[in-house]
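Residue numbers (numbering that gives the first Met the number 0), protein chains in the order written: chain A, 0 to 337; chain B, 0 to 264; chain C, 0 to 590.
The hints are simulated quantities; they were obtained by calculation from the structure and are not laboratory data.
A hint or two may mislead.
Cut-off 30 Å, straight-line C-alpha distance, at most; resulting in silico cross-link-like pairs (DSBU-like, lysine-lysine) [stated by the list, open to error]:
1) C:Lys395 / B:Lys262
2) A:Lys294 / A:Lys312
3) A:Lys128 / C:Lys476
4) C:Lys504 / A:Lys22
5) B:Lys263 / C:Lys256
6) A:Lys128 / C:Lys98
7) A:Lys35 / A:Lys58
8) A:Lys57 / C:Lys256
9) C:Lys253 / A:Lys73
10) A:Lys95 / C:Lys98
11) A:Lys185 / A:Lys128
12) A:Lys294 / A:Lys194
13) A:Lys229 / A:Lys128
14) C:Lys206 / C:Lys395
15) A:Lys88 / C:Lys98
16) A:Lys197 / A:Lys160
17) A:Lys58 / A:Lys185
18) C:Lys504 / A:Lys57
19) A:Lys69 / C:Lys507
20) A:Lys194 / A:Lys229
21) C:Lys98 / A:Lys73
22) A:Lys197 / A:Lys166
23) C:Lys507 / C:Lys580
24) C:Lys256 / A:Lys58
25) A:Lys35 / C:Lys89
26) B:Lys219 / B:Lys237
27) C:Lys89 / A:Lys57
28) A:Lys197 / A:Lys22
29) C:Lys98 / A:Lys35
30) A:Lys229 / A:Lys22
31) B:Lys245 / B:Lys219
32) A:Lys69 / A:Lys95
33) C:Lys98 / A:Lys57
34) A:Lys95 / C:Lys504
35) A:Lys294 / A:Lys160
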Amino acid sequence: MREDHFIVIGNGPAGSQAAFTLKEKAPEARVTIVTKEREGCCHSHLLPGFLAGSISEKKVFAISLDHYTKSGIKLRTGQSVVDVNPQRKEILLEHKETISYSGLIIAVGGRPYIPEPLLAYREHLCTLKTFQDTGTWRQLLPAADSILIMGGDLTSLAVTKSLLALKKKIYFMLTGEAFWPLRFDKALQEEVSGKLTKRGVTVLAGNKLVGIEPVRSGSCRVYVDGQKIKVDMIGAFFGLVPDIGFLRRSGLQLDRGVLVDEYLCSSHEGICAAGDCAQIYHPEIKDYWVSIGTKNARSLGKIAAVNLAGGRKKTRVDRERIFDIQGVKVNTSWWMEF
Amino acid sequence: MKTSGRILAQKVQDIQTSGRLSIRSASLPTWCPGCGYFGIHQGLNNAIQQLSLPHHSIVTVTGIGCAGRYAFFNNTYSFHVTHGRTLPVATGVKLANPALTVFAIGGDGDGLAIGGGHLPHMARRNINVNYLLFDNSMYGLTKGQPSPSSPVGTKTKVSPAGTFEMPLNASLLGLSYGTTFAARLFAGDPESITQALIEGIRHEGFSFFHIYTTCLTFDKENKTWEHLKERVHPLPQKYDCSNLSKAMAHILEDDFSTGVIYKKS
Amino acid sequence: MPGVDLTIEICGMSGDGTIAAGTLLNEALSGAGFSIIGFDSYPAEIRGFGRCVTRSRFGTSRMLALSDHTHVLISLDDQQAISRISMLGKNAKVLFDNKPAGTVQEGMSIAAHTAPDADLYGMPFTDLASEAAGTTRGKNLAALGCFTGLAGIDPRFFYTVIEKKFRAKGETVLNANLNSFNAGLTYAHTHFEDAPLVITAPAPEKKKVQRIMLSGNAAIARGALDAGLALYFGYPITPATPIMEYLAKTLPQKGGKVVQMEDEISSIGAVLGSFYAGKRAMTATSGPGLALMAEMISLGVMSETPAVIVDAQRGGPSTGLPTKTEQSDLHAAVFGGPGDSPRIVIAPTDVAECYQFTLKSFELAEKYQTPVIVLTDFFLDNRVENVAAADISGKKRVDGNIYPPKKEQGRYQRYLVTPSGISPRALPGSEGYIYPATGLEHTEAGLPDYSEPVHMQMNAKRHTKIRQALADLPPPKEFSQKGPLDLGVIAWGSSFGAALEAVLKARKKGLAVGALKVISLFPYHEEQIRQFMSRCRRVLIPELNFQGQLANLIGHLHHGDVVRFNRTTGTPLLPSEILLKIQELLQKDNT
Chain A
0 MREDHFIVIG NGPAGSQAAF TLKEKAPEAR VTIVTKEREG CCHSHLLPGF LAGSISEKKV
60 FAISLDHYTK SGIKLRTGQS VVDVNPQRKE ILLEHKETIS YSGLIIAVGG RPYIPEPLLA
120 YREHLCTLKT FQDTGTWRQL LPAADSILIM GGDLTSLAVT KSLLALKKKI YFMLTGEAFW
180 PLRFDKALQE EVSGKLTKRG VTVLAGNKLV GIEPVRSGSC RVYVDGQKIK VDMIGAFFGL
240 VPDIGFLRRS GLQLDRGVLV DEYLCSSHEG ICAAGDCAQI YHPEIKDYWV SIGTKNARSL
300 GKIAAVNLAG GRKKTRVDRE RIFDIQGVKV NTSWWMEF
Chain B
0 MKTSGRILAQ KVQDIQTSGR LSIRSASLPT WCPGCGYFGI HQGLNNAIQQ LSLPHHSIVT
60 VTGIGCAGRY AFFNNTYSFH VTHGRTLPVA TGVKLANPAL TVFAIGGDGD GLAIGGGHLP
120 HMARRNINVN YLLFDNSMYG LTKGQPSPSS PVGTKTKVSP AGTFEMPLNA SLLGLSYGTT
180 FAARLFAGDP ESITQALIEG IRHEGFSFFH IYTTCLTFDK ENKTWEHLKE RVHPLPQKYD
240 CSNLSKAMAH ILEDDFSTGV IYKKS
Chain C
0 MPGVDLTIEI CGMSGDGTIA AGTLLNEALS GAGFSIIGFD SYPAEIRGFG RCVTRSRFGT
60 SRMLALSDHT HVLISLDDQQ AISRISMLGK NAKVLFDNKP AGTVQEGMSI AAHTAPDADL
120 YGMPFTDLAS EAAGTTRGKN LAALGCFTGL AGIDPRFFYT VIEKKFRAKG ETVLNANLNS
180 FNAGLTYAHT HFEDAPLVIT APAPEKKKVQ RIMLSGNAAI ARGALDAGLA LYFGYPITPA
240 TPIMEYLAKT LPQKGGKVVQ MEDEISSIGA VLGSFYAGKR AMTATSGPGL ALMAEMISLG
300 VMSETPAVIV DAQRGGPSTG LPTKTEQSDL HAAVFGGPGD SPRIVIAPTD VAECYQFTLK
360 SFELAEKYQT PVIVLTDFFL DNRVENVAAA DISGKKRVDG NIYPPKKEQG RYQRYLVTPS
420 GISPRALPGS EGYIYPATGL EHTEAGLPDY SEPVHMQMNA KRHTKIRQAL ADLPPPKEFS
480 QKGPLDLGVI AWGSSFGAAL EAVLKARKKG LAVGALKVIS LFPYHEEQIR QFMSRCRRVL
540 IPELNFQGQL ANLIGHLHHG DVVRFNRTTG TPLLPSEILL KIQELLQKDN T
């Protein structure tokens with residue numbers, strides 16, 4: 000009998016949890032994680048704290064690389080999957096290596112979403128999703144006195160808090176533009192805006208961005224509805240989009256994320272999805288929902304692994320904890336006090 | 000015949016003062032009285048004198064054995080090297096200073112046994128060195144052991160039942176290695192040695208002189224004076240020394256003809 | 000700013016241009032001002048294909064040895080490069096071709112084998128080259144371009160060396176290579192915006208030092224050429240053959256000759272003949288050849304004829320390990336041969352010394368009328384360093400011969416006993432000085448004599464002479480602080496660099512440790528070595544042989560036991576393992 004080979008794509012909280020659970024449930028099986036990230040499992044919700052210096056690098060990477068090796072998990076870092084072939088049960092890596100699997104968990108998470116109108120200014124916008132992103136921040140921050148934060152997702156608030164701790168002058172453009180998965184309703188927007196203002200943040204609520212003009216290295220002049228502000232760097236926080244472009248040709252059913260049932264199984268046998276990239280069917284609400292946050296991701300990773308290893312475990316979320324944003328049902332287990 | 004030391008010394012002094020044989024060094028040869036090497040010595044000295052080669056422009060490289068002692072009996076620069084290695088050292092000397100006339104001298108043990116690997120390459124390189132191989136089919140200085148040219152059945156202290164090995168034919172080897180000048184000579188005929196040497200020294204390239212001689216102390220049956228004198232004869236009158244294949248055929252047929260066997264034109 | 004100290008490996012199949020790429024890399028990094036030590040490994044088998052690896056350690060301070068780990072691996076052929084993964088240090092960068100001709104099975108890519116901490120950079124070397132130059136042959140250049148881009152090194156350093164290398168092959172070839180390089184460079188710049196591996200070139204030296212990239216073997220050949228070598232006689236043997244190859248190209252231009260002899264005996268024989276007749280000659284060999292030469296070396300000793308012999312050591316005994324490095328010929332070099340046979344043996348420790356001591360050996364051989372053995376090894380012969388041009392040139396040839404005075408004409412005694420043991424030597428061709436040279440024991444006139452007083456006197460003469468040579472031989476060099484030391488490390492040959500690096504690191508850790516470089520192995524500077532040892536509580540002698548041959552030779556000079564550190568893996572000693580041994584010894588002392 001050919002040995003089982005489980006592949007997990009993604010090494011975030013969901014992916015790594017899935018891999019360790021698989022190894023636990025099926026110790027004889029080979030378990031491989033393929034991740035495009037160059038580092039180990041990064042807890043992106045800790046990155047703002049890392050920037051502020053309140054959280055160590057070691058803590059950001061909760062799982063040591065040795066731990067994978069010792070657990071018998073093959074971790075392939077810095078390698079992108081470019082295609083999945085469910086018929087041949089193979090994945091194709093960017094460097095043209097194919098790997099066969101008997102079971103596959105897609106846990107690629109999301110990448111920062113940049114709204115269409117802002118794409119023209121992409122090079123000036125700093126995001127904070129991966130550990131590599133911290134490089135740019137750490138490079139620019141020491142010389143940056145004023146920073147413009149655009150968007151308004153959960154990370155944006157955490158970053159703002161960290162930057163205030165670093166005594167930076169913050170402009171916050173709470174635009175209300177469409178972003179995913181979160182969008183503030185008016186009440187929430189006002190509440191947040193009020194809290195920010197109280198903290199000394201200049202909130203540019205409702206204003207529209209007209210243009211960004213680089214002044215000199217790093218520094219930008221930002222035009223907002225006719226008014227001009229000069230900032231030294233711009234952070235963009237419009238939530239995440241599942242990073243599933245590589246699945247377009249796979250035949251898997253996709254929407255914004257990978258469509259899976261309540262057991263996290265996809266339209267194809269032997270393929271599950273977990274974490275930010277999974278769009279999960281909820282039998283009670285008879286609709287799909289998504290889940291964000293580290294704790295959720297871990298729990299979904301575990302369920303996907305259990306089910307792939309032959310178990311039958313359902314995702315369970317109380318209806319009340321799911322709220323609707325622009326037609327997408329969102330569950331978040333973490334909501335920080337700002 | 001026994002000569003007293005005093006008379007011998009007087010004779011040497013006479014020879015030295017005459018200047019006739021200034022090519023001889025002050026050291027007297029230690030070869031056994033009646034040794035064939037004296038004849039070769041004479042033949043070589045005459046050639047040097049007839050060519051008027053300045054003695055200090057000559058280097059004699061000798062090996063180990065009775066022939067090797069030649070280094071001390073000649074009034075030339077000489078280098079008495081290790082057993083069998085005359086040709087490599089002579090190569091170095093000649094390439095370093097082509098103005099020198101270089102002789103390499105060794106016996107049949109030196110040149111066919113321990114140093115047998117150098118002759119082919121000396122021939123291939125064709126460097127202007129004159130190699131005299133004294134062939135008496137005997138190791139004399141180590142007191143009588145068979146050499147590579149001893150005939151089958153040679154009885155010595157180390158081969159009491161007689162040797163079983165086939166003897167090597169040095170002249171044939173020289174020809175087959177591509178030597179550009181080869182002569183076979185006899186120690187009992189110093190005059191022909193002189194003539195061949197003069198021709199060989201003038202030859203621009205490697206010259207090989209295979210010289211039959213005797214070890215009268217340890218060889219009582221094979222290459223004795225009597226045996227050699229009986230058989231050795233000059234090459235036929237019409238002999239063509241420029242034809243290699245005929246030369247080789249002749250050598251295979253006739254073991255005792257002497258003269259210039261081959262000279263590449 | 001912390002200094003750069005990095006090791007880069009390029010690995011491919013022969014035919015991939017691995018060695019060529021390594022050479023360009025070394026030259027370019029040298030141009031950028033780094034100190035470099037490189038060590039390539041070629042396929043040992045004659046079938047001409049197999050794994051090629053170039054390994055270069057470069058940095059801002061002087062590189063003394065190889066490093067434990069590789070920081071950057073450039074794979075030109077994943078199947079070959081996979082075996083190099085074990086050399087990778089933490090967070091090493093791995094550059095590999097991510098666009099092979101077709102898809103490959105799991106495990107065929109190097110990416111399948113690297114540890115999670117390795118930083119992979121897949122870049123389409125082959126495609127880049129074929130798009131830029133119409134041929135895939137430039138993939139090595141494309142790979143170099145990719146590396147240059149990732150490292151943020153000024154590409155001009157590479158343009159210069161690519162020009163230099165390919166200019167002679169015509170515009171088309173040159174442009175093809177430049178284009179391939181630039182394609183790689185652009186790819187790295189566009190795909191990895193921030194150079195992920197920033198290598199900052201050192202500040203330009205105040206006084207521009209011209210540096211030349213040279214292997215130990217090439218340095219030996221150049222030293223011999225500058226010494227006025229007239230004749231080279233040799234017999235092919237690994238790892239000495241490159242010396243003959245180098246000289247075959249260069250010596251005839253200077254009017255000299257290279258002759259391939261039928262064996263090592265004839266090689267040394269011809270060298271003796273040449274020196275005897277007054278011309279400088281040399282031969283180079285390895286252990287098996289040195290063994291064959293033993294009798295002729297003793298002829299040189301007895302007849303007081305100069306000779307220069309390079310022994311490029313490899314693994315032994317017998318045919319041993321032809322392509323591995325070892326320092327196990329020391330005893331053979333110092334003692335090999337019949338009788339009491341004193342000769343000079345010197346061992347360079349780096350490439351510049353290969354040049355300097357080879358050059359020096361001719362002068363010594365002539366002055367002391369003796370064979371001189373220059374002892375190197377596979378690692379030293381084949382490693383490359385960028386040496387300062389000043390260190391390998393400008394030496395004036397000195398005629399080491401001592402000729403007899405005119406008044407000796409007519410009554411010349413070649414082996415006249417003198418206080419120094421040196422007798423003036425006449426060369427064949429000179430009138431009035433005819434003498435016999437011989438391997439027999441002889442009188443002052445050179446005539447055989449086995450009598451007691453003659454043999455006693457002549458033995459003493461020969462040994463006196465070699466002892467006298469100490470004055471001309473490079474003395475041991477000490478690297479330590481003044482005063483007593485807890486540990487002294489004494490090393491020789493190619494291992495010294497590693498020993499020194501270990502000692503410098505130990506001193507940085509606050510340990511009272513010193514290093515002593517012994518260059519002249521016979522005769523050796525007894526007094527200086529003894530003095531150093533007397534200041535050391537313990538003495539450690541690391542060497543690449545089983546017995547501890549230097550320890551055997553000089554160990555008795557120490558008041559206590561010397562600690563031997565020996566290994567025979569066929570690979571160069573590393574600073575880290577010597578450092579570990581130092582720490583272990585000093586720790587033991589403290590507990």
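Okay, the hints, checked on the actual structure:
| no. | hint | result |
| --- | --- | --- |
| 1 | C:Lys395 / B:Lys262 | violated (46 Å) |
| 2 | A:Lys294 / A:Lys312 | holds (17 Å) |
| 3 | A:Lys128 / C:Lys476 | violated (57 Å) |
| 4 | C:Lys504 / A:Lys22 | violated (43 Å) |
| 5 | B:Lys263 / C:Lys256 | holds (25 Å) |
| 6 | A:Lys128 / C:Lys98 | holds (29 Å) |
| 7 | A:Lys35 / A:Lys58 | holds (21 Å) |
| 8 | A:Lys57 / C:Lys256 | violated (66 Å) |
| 9 | C:Lys253 / A:Lys73 | violated (61 Å) |
| 10 | A:Lys95 / C:Lys98 | holds (6 Å) |
| 11 | A:Lys185 / A:Lys128 | holds (27 Å) |
| 12 | A:Lys294 / A:Lys194 | holds (26 Å) |
| 13 | A:Lys229 / A:Lys128 | holds (25 Å) |
| 14 | C:Lys206 / C:Lys395 | holds (24 Å) |
| 15 | A:Lys88 / C:Lys98 | holds (22 Å) |
| 16 | A:Lys197 / A:Lys160 | holds (12 Å) |
| 17 | A:Lys58 / A:Lys185 | violated (36 Å) |
| 18 | C:Lys504 / A:Lys57 | holds (28 Å) |
| 19 | A:Lys69 / C:Lys507 | violated (35 Å) |
| 20 | A:Lys194 / A:Lys229 | holds (23 Å) |
| 21 | C:Lys98 / A:Lys73 | holds (23 Å) |
| 22 | A:Lys197 / A:Lys166 | holds (15 Å) |
| 23 | C:Lys507 / C:Lys580 | holds (16 Å) |
| 24 | C:Lys256 / A:Lys58 | violated (70 Å) |
| 25 | A:Lys35 / C:Lys89 | holds (19 Å) |
| 26 | B:Lys219 / B:Lys237 | violated (35 Å) |
| 27 | C:Lys89 / A:Lys57 | holds (16 Å) |
| 28 | A:Lys197 / A:Lys22 | violated (49 Å) |
| 29 | C:Lys98 / A:Lys35 | holds (17 Å) |
| 30 | A:Lys229 / A:Lys22 | violated (52 Å) |
| 31 | B:Lys245 / B:Lys219 | violated (34 Å) |
| 32 | A:Lys69 / A:Lys95 | holds (28 Å) |
| 33 | C:Lys98 / A:Lys57 | violated (35 Å) |
| 34 | A:Lys95 / C:Lys504 | violated (44 Å) |
| 35 | A:Lys294 / A:Lys160 | holds (21 Å) |
The earlier numbered hints that this structure contradicts are 1, 3, 4, 8, 9, 17, 19, 24, 26, 28, 30, 31, 33, 34.
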